[in-house]
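Asks: Based on these hints, arrange chains B, C, D, E and F on the given structure of chain A.
There are 6 protein chains.
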Amino acid sequence: MKNVAVRNIERADAATVEALGALGVATVHEAQGRTGLLKPYMRPIYPHARIGGSAVTILTQPGDNWMIHVAIELCKAGDVFVVSCTSDSTDGMFGDLLATSAKARGVRGLVIDAGVRDIMELENMRFPAWSRAVSARGTVKATPGSVNIPVVCAGQLVNPGDVVVADDDGVVIVPRATAGEVLDAARKREAAETAKREQLAAGKLGLDIYDMRPQLEKAGLIYLDSAKDLEK
Amino acid sequence: MKNVAVRNIERADAATVEALGALGVATVHEAQGRTGLLKPYMRPIYPHARIGGSAVTILTQPGDNWMIHVAIELCKAGDVFVVSCTSDSTDGMFGDLLATSAKARGVRGLVIDAGVRDIMELENMRFPAWSRAVSARGTVKATPGSVNIPVVCAGQLVNPGDVVVADDDGVVIVPRATAGEVLDAARKREAAETAKREQLAAGKLGLDIYDMRPQLEKAGLIYLDSAKDLEK
Amino acid sequence: MKNVAVRNIERADAATVEALGALGVATVHEAQGRTGLLKPYMRPIYPHARIGGSAVTILTQPGDNWMIHVAIELCKAGDVFVVSCTSDSTDGMFGDLLATSAKARGVRGLVIDAGVRDIMELENMRFPAWSRAVSARGTVKATPGSVNIPVVCAGQLVNPGDVVVADDDGVVIVPRATAGEVLDAARKREAAETAKREQLAAGKLGLDIYDMRPQLEKAGLIYLDSAKDLEK
Amino acid sequence: MKNVAVRNIERADAATVEALGALGVATVHEAQGRTGLLKPYMRPIYPHARIGGSAVTILTQPGDNWMIHVAIELCKAGDVFVVSCTSDSTDGMFGDLLATSAKARGVRGLVIDAGVRDIMELENMRFPAWSRAVSARGTVKATPGSVNIPVVCAGQLVNPGDVVVADDDGVVIVPRATAGEVLDAARKREAAETAKREQLAAGKLGLDIYDMRPQLEKAGLIYLDSAKDLEK
Amino acid sequence: MKNVAVRNIERADAATVEALGALGVATVHEAQGRTGLLKPYMRPIYPHARIGGSAVTILTQPGDNWMIHVAIELCKAGDVFVVSCTSDSTDGMFGDLLATSAKARGVRGLVIDAGVRDIMELENMRFPAWSRAVSARGTVKATPGSVNIPVVCAGQLVNPGDVVVADDDGVVIVPRATAGEVLDAARKREAAETAKREQLAAGKLGLDIYDMRPQLEKAGLIYLDSAKDLEK
Amino acid sequence: MKNVAVRNIERADAATVEALGALGVATVHEAQGRTGLLKPYMRPIYPHARIGGSAVTILTQPGDNWMIHVAIELCKAGDVFVVSCTSDSTDGMFGDLLATSAKARGVRGLVIDAGVRDIMELENMRFPAWSRAVSARGTVKATPGSVNIPVVCAGQLVNPGDVVVADDDGVVIVPRATAGEVLDAARKREAAETAKREQLAAGKLGLDIYDMRPQLEKAGLIYLDSAKDLEK
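Residue numbers (the numbering used here), protein chains in the order written: chain A, 121 to 352; chain B, 121 to 352; chain C, 121 to 352; chain D, 121 to 352; chain E, 121 to 352; chain F, 121 to 352.
Next comes chain A alone, as it looks inside the complex (with noise of 0.2 angstroms):
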């Protein structure tokens, strides 16, 4: 594999991206078709962050941040790391200097199938992380990998300028492409969402709401008035 850094990528729209995120993980991945979510072992490094931002993917060797300091200087205000290792890894790749570079370009946020540090740090100066771990482990400088090609993170292809949403819920990644009608669908999911919400909190029932009887009644649920009945 040739190792390559790609200095210009194309992004989403700005104020579409900034929709996405507002909107958060569950909206969007459902409004897109239940596609898109990274492994739920993706967790923030703390609790109530919520970021939408265009991915600038990240590939490296475990055990090897080097490419992380390739991928600052290619990024925009608005944009979120996207970090894959070639191998499974926990090491904290990422911790609170790499963080204040990344903070000053305008970076949101990270998004690493791999260890993050510092998280304190991280928490007070509001630079949020989604990673598989926590991890002081230390890394070397030594071998490249690659900034800006499709990588996939976590279970999920991650093409750069794709659309990073995370929440507490996790990761979602919208492809650049789709990324507007997404946004329409997820802001129809929304409206109807809280139309549901409203009766669902007044006592009425999803069975009526979604008329799920007769399907139910169809695929072969039966009803017993307690369990004795089950014996018979």
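These aren't lab readings, by the way, just hints derived from the structure by calculation.
Since we're looking at a predicted model, the values are computed, not measured.
Just so you know, nobody snuck in bad clues.
The list makes no distinction among identical chains, and a pair is therefore deemed to hold if it is satisfied within one copy or across any two copies.
Using 25 angstroms as the maximum straight-line C-alpha spacing, the simulated DSS-like pairs for lysine-lysine come out as follows: (1) LYS324 with LYS223; (2) LYS324 with LYS196; (3) LYS261 with LYS159; (4) LYS261 with LYS122; (5) LYS308 with LYS122; (6) LYS308 with LYS324; (7) LYS261 with LYS308; (8) LYS196 with LYS261; (9) LYS338 with LYS122; (10) LYS159 with LYS122; (11) LYS338 with LYS324; (12) LYS196 with LYS316; (13) LYS338 with LYS261; (14) LYS348 with LYS338; (15) LYS316 with LYS261; (16) LYS316 with LYS223; (17) LYS261 with LYS324; (18) LYS223 with LYS261; (19) LYS348 with LYS196; (20) LYS122 with LYS348.
Replies: Frame of chain A; chains B, C, D, E and F shown alone:
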């Protein structure tokens, strides 16, 4: 397996359930002879919730949350959902809409051997959940399971109507039939612990309180003055 | 294996221990040449604790916390318990009673390659713990182990009297004999990082600060203007 | 929990047990409505063993194999040990001495949610075992458990006297009371599969045998001639 | 997400596919610049199978094997199924009936990021499979997925028609477009390795063959005569 | 950390090493007081190998096998490589070329807390390996580690020159200094086990051989005639 939903289950006395919930997981687990604990991978979605309730049990297909809708109709105020899957899953089977519906009917919380989503919203509405994962992964409603049959959840047999106690330490199940005697034992244990805690806080040693020295000697423990004596 | 409890161990200088604790895990780990770190599955039971202390080591049978009682008598103010099991366990070997006793004797915290319980109570009394699990699972007191012998805890050799530093990033061990020189190195590192942090915050790149460009070129990294150049 | 050893248990009809064993795990699991399967981490210690037997259940403390000695006295020819621990363990609770003793009494094999050792010797004596781990880790005999009480083993409730079927695919439990009807269903299933296997071997498609095409269309599956049509 | 089944895909040249299969996973992976490897949890169900084939990709819902039936109709002799689930699953999605059907159509094997069953039967019929689990867990046919779309399987992007090479070392994917040049590189590598193997077998050191000594010295490696020199 | 390669190490007596290897892991582990065992995730790459040898220890960076080349020069006939990584890795650090080189110098096998590749070739040349993973993932040669320093491998401290015993049950380490006395103890244990095995094969119970009945009664075990007595 027939797919059934049992409408009516017996529950433990409401005051007993409340009291067990207040005593907490560790005390109740010890009081019933160190039984009833779910595996420790079951973690709360936010810190410092503590509940007691009556189990409404739900068995689902992985990636399919249809039966939770069925269960909501069958629950009463003070119930807790206990969800088991036919095979291991982390999918986000439960989110803020289901929580809104459950809360409207007085359900106190959720114990699910799968994933939960919208966890910030659940925290904001104070609807606690204990789960094996947080995941936004959406689910289908295609295959029925059962409600209010015995299930194994996170390694523990749970019968409908059993008492569920959950807090920061995890989740413990108390069989309905023995809830009263477990409550008595738990109160006694708590009283005994309070007395011991005072002694320990005053600097008295467990070795002396529990008279462990002779047993340790009999079991072969040898005291050495320093590491140098190890080589002798 | 003989089961021994060693009464007297040598500890590092108290001021050195304090200073290392204040510097934190990531800095100390780097300062001693990226060694000494426990595996990243060791996580704090509540956020934002940071301690330094002298290791009192404990080797136990899984599901048996007898030796912790033995250790409490042998500890001094400023100590930290480091508990290892003869095989992997998540049992709740340590709870609020043991914490009360340990705190009464000046113990600063717990590092345990097993489970902890009563974590809300431990948080309330500010007794920090780093563990592989939270679990209410009760333990027996049936089989002796040892106190103050060398143990492997979460992948790291720990000798009694070694310095334990623990915070949100995990746990690092500093051998007693080198604590002073590690402290010197850590302070130098911290000073150097402060200088770099200012440069990075001002927008200067790590690529330039560390003069990485020639090395990256030598290692074969190629810059491309856009993804289209990839296909060439 | 009281520690009890129940001397006499009811077993299923011997011929039924044999016949279920011969049919194998996948067929029996399907025949009883896709229930009864232990978690897939339970793997055989050597390939190509296939057994059916009556469960003698054993509950042990982790790291303590005392109860297996108790169980051997209570077993009969044709029994299979089903061992559960009070918490997760991989310790080598069972080796060639226990296997020699068990074999002398006609026990057919072992299902253990923990570790096994001496596996080459067990293979040589054709004493099969299904376990979560292979480990030489020795155990103590210090704390009693129980024999022939209901246990949860690898996620499955097992009652003493239930039928255990195990082969390369894993382990399935058939409740004693329904063993006969499950056998009937399994034989029917096997016959049906034989017929289907012939059709499939002849190149006929499952799509046609099961008449899936209309259902797939109804469920929304769209056929495209080529990937180019995806973009339309 | 639309659920589609793409009937016609482009495949690599048959002789190239065969040749890559014969070279094996490690050689092919290295020859394409250490890319394309699936995660190491993908293991063969029996030892010593080695195949090359063209990927027919399948995306399924966890616990639902409907799409595999759809895929069988769309495959050709020399194909290999590559199955991905929308979330992690170990369910036994593939057994001897599907293998019989697949074999009748010339399919060479299965790569599945889920479970397989009837593994003894599959071994007997020499239908190899690489999977994350062996499990008899039965599946439903209720929710459509897709066939012959790009999927991520065990951390690796797979496009329909890509070359799949699998053996005891795991599974590697070669993009269709570069199969020819990877084959050339792999043959060169194999030839070079044969030469090196002879030198190494004759006792020559890799240190000398690859001229590593100056680089090691430059990287800071220090040779000591004995452990005593460590303390200096 | 300085990166060092220690040329000369002390080894245990060759006949003692051979004899310990022949006795096998379980016997040796028990004979030295249930110590020295590596974690059970260390599994052989093919069945039925059994070796004893002297440890040449290797510490590597994850994804970097440079130090194994250094170690080959420093080994002698009868040695076994023990490889530890600075953080968890499954990369395929060792394959048939290194095995050819090692075998040419009389190395008996490999114990590696990482991955191995070319496992069919290693089996064919009868070069056994115990590892945490099988993986074809290629590695770099960029960052030095150390050879023949104390390492922690799979949870166990290993000093250069310690005796390594490995078979189907896993891997155990015997400190060089105590190898002779452990051999004596292991031979005694084996002799005692042979006698017991005969008694057990003849149907005598462990309960009687070890006189466990009074202890079980004292520990509170209650015998019941049938499950009905449980309810009393």
